[in-house]
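Colleague: With these hints in hand, go ahead and build the complete structure from the sequences.
Number of protein chains: 2
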Amino acid sequence: MTIRVGIMGYGNLGRGVECALKQNPDMELTAVFTRRDPGSVKILTEGVNVYPAKDAKDLADQVDVLILCGGSATDLPEQTPEYAKYFNVVDSFDTHAKIPEHFAAVDKAAREAGNTAVISAGWDPGMFSLNRLYGSAVLPDGKDYTFWGRGVSQGHSDAIRRIAGVKDARQYTIPVESALEAIRSGETPELTTRQKHTRECFVVAGEGADKAAIEKEIVTMPNYFADYDTTVHFISQEEMERDHRSLPHGGFVIRSGKTGWDLEHNHVIEYSLKLDSNPEFTSSVIVACARAAYRMKQEGMTGCKTILDLPPAYLSSKSGEELRKELL
Amino acid sequence: MTIRVGIMGYGNLGRGVECALKQNPDMELTAVFTRRDPGSVKILTEGVNVYPAKDAKDLADQVDVLILCGGSATDLPEQTPEYAKYFNVVDSFDTHAKIPEHFAAVDKAAREAGNTAVISAGWDPGMFSLNRLYGSAVLPDGKDYTFWGRGVSQGHSDAIRRIAGVKDARQYTIPVESALEAIRSGETPELTTRQKHTRECFVVAGEGADKAAIEKEIVTMPNYFADYDTTVHFISQEEMERDHRSLPHGGFVIRSGKTGWDLEHNHVIEYSLKLDSNPEFTSSVIVACARAAYRMKQEGMTGCKTILDLPPAYLSSKSGEELRKELL
Chain Z
1 MTIRVGIMGY GNLGRGVECA LKQNPDMELT AVFTRRDPGS VKILTEGVNV
51 YPAKDAKDLA DQVDVLILCG GSATDLPEQT PEYAKYFNVV DSFDTHAKIP
101 EHFAAVDKAA REAGNTAVIS AGWDPGMFSL NRLYGSAVLP DGKDYTFWGR
151 GVSQGHSDAI RRIAGVKDAR QYTIPVESAL EAIRSGETPE LTTRQKHTRE
201 CFVVAGEGAD KAAIEKEIVT MPNYFADYDT TVHFISQEEM ERDHRSLPHG
251 GFVIRSGKTG WDLEHNHVIE YSLKLDSNPE FTSSVIVACA RAAYRMKQEG
301 MTGCKTILDL PPAYLSSKSG EELRKELL
Chain L
1 MTIRVGIMGY GNLGRGVECA LKQNPDMELT AVFTRRDPGS VKILTEGVNV
51 YPAKDAKDLA DQVDVLILCG GSATDLPEQT PEYAKYFNVV DSFDTHAKIP
101 EHFAAVDKAA REAGNTAVIS AGWDPGMFSL NRLYGSAVLP DGKDYTFWGR
151 GVSQGHSDAI RRIAGVKDAR QYTIPVESAL EAIRSGETPE LTTRQKHTRE
201 CFVVAGEGAD KAAIEKEIVT MPNYFADYDT TVHFISQEEM ERDHRSLPHG
251 GFVIRSGKTG WDLEHNHVIE YSLKLDSNPE FTSSVIVACA RAAYRMKQEG
301 MTGCKTILDL PPAYLSSKSG EELRKELL
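Those sequence lines, one after another, are chains Z and L. The opening residue of the first sequence carries number 1 in full-length UniProt numbering; numbering runs sequentially from there. The opening residue of the second sequence carries number 1 in full-length UniProt numbering; numbering runs sequentially from there.
Just so you know, these hints were derived from the structure itself, not from any lab. Treat each hint with caution, since some may be false.
For chains that are exact copies, the list does not tell them apart, and a pair is met inside one copy or across any two.
[Claimed, not checked] Simulated crosslink set (DMTMM-like; lysine to aspartate or glutamate; CA at most 25 Å straight-line):
1. K108 to E326
2. K42 to D262
3. K98 to D210
4. K108 to D158
5. K57 to E82
6. K297 to E82
7. K258 to E322
8. K143 to D124
9. K258 to D94
10. K325 to D309
11. K108 to E299
12. K57 to D107
13. K54 to D26
14. K297 to D309
15. K167 to D58
16. K22 to E264
17. K211 to E239
18. K98 to E326
19. K325 to E82
20. K22 to E187
None of the values given here were measured: they were computed from a predicted structure.
Modeller: See the structure below:
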């Protein structure tokens, strides 16, 4: 039986989910929901309708899993608990500090309705969390490090765009190679923010803008840039379009730990991602989690889950038998 | 409540399990079982007894999980189904081709007894299998590659030791760096055995042995060496003791895959291990799986499982709440 999937919200992430569904023959897109005028939203899949978000629950019997593609700041804290009343849901809620609160709200709604919800699917939180978990479970005497990049941080890019005189901006987060190398060699240094990442900014200044003032405002911006070594490059709008259109990202989770009666042996576990498209990779993880949500619901495992709770085999389209034979 | 663990078989792996238990305060070693004379087996943990293997089932009420540390060739195919009748068990069965058969035998015994069994815990099968699974579930249009090394292959070392005139030998499996680099850059080449790994052998020849004949016998040995580029170094027994006593190992699982409506974006996921002690790392994975086996039994999830079936959170000593707060 094909798993019927709905998408709520059709931005970069919604489009990524649509593309990922095309790659998974055991799943199909059945509906897209939007808060915009449905007539104004052009999707890629032929024969699938776009509906107003407010009508979603009327289609509950046609959707096995609803994927929520809104933002973590204001959309998901409302949407996920609300739609968990009517659907099995998956979201990519990524405000780490607010996960416990979000989990509680979604868990309550999903349990009451007998639905399965998976929150915080993606790569961080998501695949990186899994690797932090496995690393610490296998090597309890150890330390883990997460590095992000090289990749575009949309929050930091937006922060630059809000500065007076800035027309456009793109910010790259870059891990410090020497820190990575030290950890790979088995060292377990305490690293400051500045020692882990640098930030590189590409900025299009408006006509007659004071570039020195813009640069100073960027590098001294609290929280976003002040604690980092930040470099600023002014470029033309043409260069921005030509060289900085895509949304690459990635990063590293490294666990270094010791074993042996006297902790005499060292081990390094490294997981890394090199992604051409951050939203499409995130969507691909979400879609695999939607498969797991569907299966858990079938087996009566309801309530809110995260990727840490999902039996790995449930993410795959293959049977347990195939997995044991082919890839165990 | 502390999880009470028994060890069946006290070689490199059994000793590794003993060391790993010391690192996990929620677990404790309660008994070691051996087929040797128990009086001849000295273990590291004070206050724990060594019993004859044949008496194990009499202690079933004192052991929550029995870890089977025998070999895959002849011990585990008999021991795991047998002891699954009396205990929750974990083994590290690693003959990939025979996993389906072993799974079926263990599943039958564990189900009938209402016990939980985890087979094939370790790193390959084990952590590498998990990464092959997650990689293929997230990037279905892709290809994965597993490389082993640099590390000691005990089977290959043994094969060399059986050659006439050889006193001692140690064989290292080494991944071909240029193949790794090509895959990391997003290529998905078809690689022959020879293009993936080389083999390096350190050999102590006996007094007056024909070194040229030994070298020829090694490099032309079918299955073990003939399909590889193999180098042979003759060294003294002193050099063997000094430079080749430890059992390092490791390797890489790399998934390269595409996303996007027209598969226009590429992604590379890489998981790697660099291990000072192969048996101790394997033991550390086994012990985390023993924790999961105990929990699954508590929840009535009985029968045979592999690491692909274990909810990741069950491997950790932390609660779901702590995991969501601290590392999700």
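Colleague: All hints, please: hold or fail.
Modeller: Now the hints, each set against the structure:
no.	hint	verdict
1	K108 to E326	between (39 Å within a copy, 21 Å between copies)
2	K42 to D262	between (63 Å within a copy, 17 Å between copies)
3	K98 to D210	neither (38 Å within a copy, 70 Å between copies)
4	K108 to D158	neither (34 Å within a copy, 58 Å between copies)
5	K57 to E82	within (10 Å within a copy, 53 Å between copies)
6	K297 to E82	within (18 Å within a copy, 35 Å between copies)
7	K258 to E322	between (35 Å within a copy, 23 Å between copies)
8	K143 to D124	both (18 Å within a copy, 23 Å between copies)
9	K258 to D94	between (31 Å within a copy, 24 Å between copies)
10	K325 to D309	both (24 Å within a copy, 14 Å between copies)
11	K108 to E299	both (19 Å within a copy, 21 Å between copies)
12	K57 to D107	within (19 Å within a copy, 42 Å between copies)
13	K54 to D26	neither (28 Å within a copy, 49 Å between copies)
14	K297 to D309	both (13 Å within a copy, 16 Å between copies)
15	K167 to D58	neither (43 Å within a copy, 77 Å between copies)
16	K22 to E264	between (50 Å within a copy, 14 Å between copies)
17	K211 to E239	within (17 Å within a copy, 64 Å between copies)
18	K98 to E326	between (39 Å within a copy, 11 Å between copies)
19	K325 to E82	between (41 Å within a copy, 23 Å between copies)
20	K22 to E187	between (44 Å within a copy, 23 Å between copies)
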